[in-house]
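*Asks:* Listed here are the chains, written in short residue letters.
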Amino acid sequence: MTTAEPARPNAPAPSAPRRLSAWLHERPRLRLGALLVAPFGWFGVVYFGSLAVLFAYAFWSLDPQTGVVVKSFTLSNFQRMVTDPVYGAIVQRTVAVAAIVTVADALIAFPIAYYMARVASPRRRALLFMSVLLPLWASYLVKVYAWRVIVAPSGILDWAFHLVGITDSSSVLGVSDVSMTIVFIYMWLPYMILPIYAGLERIPSSYLEASADLGARSGQTFRRVILPLVLPALVAGSIFTFSLTLGDYIIPQLVSNTQFIGNVVYVSQGVAGDIPFAAAFALVPVGIMAVYLLVARRLGAFDAI
Amino acid sequence: MVQRKGLAAIAVIAILAAACSSSATSPAASSAPASQVPASQAAASEAPASPPASETPVASIGPGEGELDLVAWVGYAEDGSNVKEYDWIHPFVAANPDCSKVVVKTADTSDEMYTLMSNGHGLYDGVSASGDASNRLIDRAEVAPVDPALFPDFKDLTPFLQSPANNTVNGFHYGISHGWGGNTLMYRTDKFAAPPTSWDSVFDPAKAAAYKGKITDYGGSIYIADAALYLKTQNPALGITDPYELTQEQFDAAVALLKAQHPFVGKYWTSFTDEIDNFTNGTSTIGTTWQYQTNTLKGSNVPVEAIVPTEGMTGWSDTWMLSRYAKHPNCMLKWMAWMVTPEVQAQVAEYFGEAPANPKACDILNTSTKPYAIKDFCTAYHVTDEAFYNAISFWKTPIRDCGDSRGNTCVPYDEWVAAYTGVKG
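Chains as they are written, first to last, in our numbering: chain S, 1 to 305; chain Y, 306 to 730.
In short, the hints are calculated from the structure, not lab data.
Please note that a few of the clues may not be correct.
Short, incomplete list of chain S residues facing chain Y, as computed with Cβ under 8 Å [claimed, not checked]:
#1 Val82
#2 Val86
#3 Ala89
#4 Ala146
#5 Arg148
#6 Ala152
#7 Pro153
#8 Ser154
#9 Asp168
#10 Val175
#11 Asp177
#12 Asn257
#13 Gln259
#14 Val267
#15 Gly273
If you want a taste of the chain S side facing chain Y, the calculated C-beta under 8 Å gives, among others [claimed, not checked]:
#16 Leu24
#17 Glu26
#18 Gly174
#19 Asp274
The beta carbon of each residue, even a glycine, is placed where N, CA and C say it ideally should be.
In isolation and in its complexed conformation, chain Y is listed as follows (with noise of 0.2 Å):
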């Protein structure tokens, strides 16, 4: 009797133990899918929502701190413990002994980033922002204007990329262009028997549904716009000129495009792992994906291909940014200097997939033999292609300002999240 007396006790001491460190454990873990948020959030979210009217660019390099704290998309701050030959943070802290730590916190989507960045001031020094959190982040005065002639290696970089609107602002550089590419449409080969051409394969019910539930979205609400480009040529009657700048009645239309779509996908996928899971185990066999994720899977002898669609595509152009709020200005700085040189401008647009900045990176990422390397690369990513850049619907914020003679009649971003919690039902 004393023993289970005993035993009773223990069970309801570790009821309580598992009740806590359960819901404990909940918000920590959503740091894999999802992000860590930090605890300042409410207070931060009521920083200054315009940046200063003139600004002071940060026009000298100091000492570096001994810290360096970044904010990333995957694939884009690697230290080799992935894939041993993709190294460039290793290098860096050798070549800056005064920046001698490097702390990545890697991010899935671009608000995630801008919620970083805008609630956690001083604890990331620079963010790799796309071009639907860079102008957010120059708006809100959370990133600070740069002379780019701290950047030995800017005049270098391809001119449609030394000032783009995406981190170029009244004259500003709020920041140095690191690459760009398109979301492209992957298949399993072994699934197709003829490759898919047009985004209808997963946006025309017809086609669709014969891949029902194989189907794979990307998770963030900015892909109304993939919906909203296959519009663009599907239904020209609905006048879509830019699938960011949308009217009601076309916003409309590509949510109700999205609503349709929803029994036959499988997925939304966030987390760019999610993808490569599902593509692996057959989970999911069509969908949109960045080039990372086609080059993992194809790494491990998974049979997929993507595709340029037709229609076009959406795309990223990725800027470093500094944060005004950074506690290692100077150590960010030199990264930012460090990442456009060309030697690591050819191992990160290797690793990841994607068209470097920095034109001078060609002549490495020709002649690689790492395990991905590619024939042609910047023939094949179309590197100082400026028509087929200009062709790409680059990923920005939707305002409410459509940016024309529509004026003030578009659908600002905030409707967009709420839409997209509506497609996903």
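Next up, chain S with everything else stripped away, as it sits in the complex (with noise of 0.2 Å):
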């Protein structure tokens, strides 16, 4: 930059950062203006760019002929979505495999979470955390993969149901929906137990005691005292839960004969090219969230983000 001037007064002038700076100084609004554009430039661009592109094409259609992308309005593929009863099957089993997940990662992280919170040591705390997060830092595939020898026919689970005498278990593990169910649960477990904890850790030990004192015993005190207290952290926790499961499609494909919502749209836009018809199904899940979303918020949810 100083090349760029060359003859240069014998006192010096600030130099053009400096008096950049200076007159920035005095425009605090712009500064910060200036920060933000970029994080939030890509955030609108990217993020709600690629949404709208989706939402419009979901309104276009494919010419089975040519393959090529018709860009006018037209419902066919709602109408597709909603005369074939392929699809409502498919975005039923789908939910309902994402609400399984919730209430039984929900079950298990719960406890977890309340020991790391309430019960644990300082020392103990930090294990348990590093026992939690350290599956996060292994990739994604290497546990799916992981988890298809675990539930494969004759594999580690199997010879443990065996163990404890229930022989027909490969019938039920192994490529189904139990096994994927099972992975699912094991994924997304992270998830829960973190904002649980989090809600749990927030309660103040005073208002137990006080409970106590009332003579609640601790049933009482676990469903009017902590539940409600901690609902909103559960709630926050079932978001990723449910979401995470609602938008996989890989887990489906390598440990299950199963299509989610994923599957189809995967192989609408890769083998079919129809990219129309996948953006359209793509709305589904992007529908369901919405809802979903708007109920958290009524339940305090975002509060315990």
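Using the hints, put the two chains back together into the complex; each one sits in its own frame.
*Replies:* Here is the structure:
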């Protein structure tokens, strides 16, 4: 920059960057704007832009003869989704599995989170944190493939069931919906533990003491003090487990023989080249999550994140 | 308390970071089971839809551009990292120092290959396309015609593979034939007292029920043709002549057969590794396969055998094709010439388990001592047997035009895709 100004006067004037900085110093709002324009620009253009494109494509169609996208408004994609029962069945299945995974994760996560937040010594708590977080550092695919080995016929899970006398487990495990659900529950468990932990941790001990002083039994304290206070955190965690299951298509493909919404989107886009239908079907989980988030907001989940 | 707050903060950050990273890994992760779809997909799907009326075939090979990017079937471009005896990439680079870097993207289905080529303009120089992708690539002007005189070994190719319909249109050669084979019926020999002889083992509900959950089907929609091929002999009243040219009635019958079979199917495999895993651990014991999986399984001492059922079989005949949008066309042309030399043809045929397009490979194959060598290879694979070749129903893209007196009454491919989604349920 300085090389661009070869002739310098004897009394050096402030350099260009210095002048700019002085000028900006008097305009804090502009400064903030300049700082935020890049991240928010990225968010607006890339994130909402792609959503807008998705939305537009959903109302276009594919010319089956030429394979070219016809850019004129049509509801044919949605018509196809409604008239062919297979798509409704796939949506139902995806939502059902997402709900099962969410409930199971909540049931497993709560005791762990409670122990971490209110019982464990600081040392043990740190250790538990590490154990909960460590799996997140491993590759998603590595974990799925590891689980394929675990649930395979005559795999370790099958073997464990045999030990306790259940001999027909291989007909349920292996490539199946049960295996898929187990893998989902494992995959998203940390996303449920951590918000619940944060929620439990925020409840002052004095509340529990007060509840006990007023004669409440532990069950009553749990139902009437802890649960209402931790509910927003629970809902926050469920947003993760539910939406991650809803959008996944790799676990169904690798561990089960079933199709999720994502598999149909993938096949429509990647195999049939029918991007409009893929876009239309992709709007289904977007819609489901929009409703879910509205309900979650009512329950105060966003204050708990 | 301070420490607690810290932990809570860490927890929140971890959640956010993990949520972000997980949503970022999911699409990328799909590369293993499925495909890496380029970002430019939206724009690319609006490519021109027919090949130019008059073509100027590429008639010379210039100096290499330093790199070569391929879309290939598994086992078609090996560098010795899987089985060290099978390596034709390093020798290619040694022979062509001007193409020193070879990048291979393997695809699991023809549809995936087509999508990679049509969405990834400039990313890939060429593809090893089967007949159900090659004609689509030609029709949609994705691949360039070449002068076969560019390839010194062209004249040695089996005569019926020099200008087959799956790569030669209007007299223009859109690539060079690579090899061919059939989709056989594989089964675990330890689970079957009597070896199966017919596709009815998987399609006839009465027989299939015995192996409920152990049957595996191919996960690509072209598999509807396998059902149609079975119906061709099983239900002559339907009058199926070609399993890829199905009228609505014939198509519905094939789809109904697959839907009836659905409860017995344990896995629709799309990734060849899936099928290898499932046959190894016993999830699957019978189903359609490529010779590659059979060879690999036998190589790891899994008791499997593959047969040609009495109804015949579907199959593939593959072509190396040059993309019109290739960034390294000269390297691709050099690769195409390389792939039909007898030495390389012998390697790939033996490794993948298919009939080489160039019968001159037979001398090498018949005396091979490599791990996958089999006795009298070229007899076993019917390399020059035109009658056998003609008996295979080779993969091709179903289009509305039946190609015969029935006219435009056949079910086009996009309906195959939609119907197969319905089959899988």
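*Asks:* Each hint needs a verdict: does it hold in this structure or not?
*Replies:* Hints, one by one, checked against the model:
1. Val82: violated, 14 Å
2. Val86: Nearest chain Y Cβ about 4 Å off; hint holds.
3. Ala89: holds, 7 Å
4. Ala146: violated, 13 Å
5. Arg148: holds, 7 Å
6. Ala152: Holds - the Cβ of Ala152/S comes within 8 Å of chain Y, reaching about 4 Å at its closest.
7. Pro153: Status holds, d = 5 Å.
8. Ser154: With a closest approach of 7 Å, the Ser154/S hint holds.
9. Asp168: violated, 12 Å
10. Val175: holds, 5 Å
11. Asp177: The hint is violated - Asp177/S has no Cβ within 8 Å of chain Y, the shortest such distance being about 11 Å.
12. Asn257: holds, 5 Å
13. Gln259: holds, 5 Å
14. Val267: OK, holds: Val267/S within 8 Å of chain Y, min 6 Å.
15. Gly273: Gly273/S check passes; min Cβ-Cβ to chain Y is 6 Å, inside 8 Å.
16. Leu24: Status violated, d = 30 Å.
17. Glu26: Where the cut-off is 8 Å and the nearest Cβ of chain Y is about 35 Å from Glu26/S, the hint is violated.
18. Gly174: It holds, given that the least Cβ distance between Gly174/S and chain Y is near 5 Å, below 8 Å.
19. Asp274: It holds, given that the least Cβ distance between Asp274/S and chain Y is near 6 Å, below 8 Å.
Consistency note: the structure conflicts with the earlier hints numbered 1, 4, 9, 11, 16, 17.
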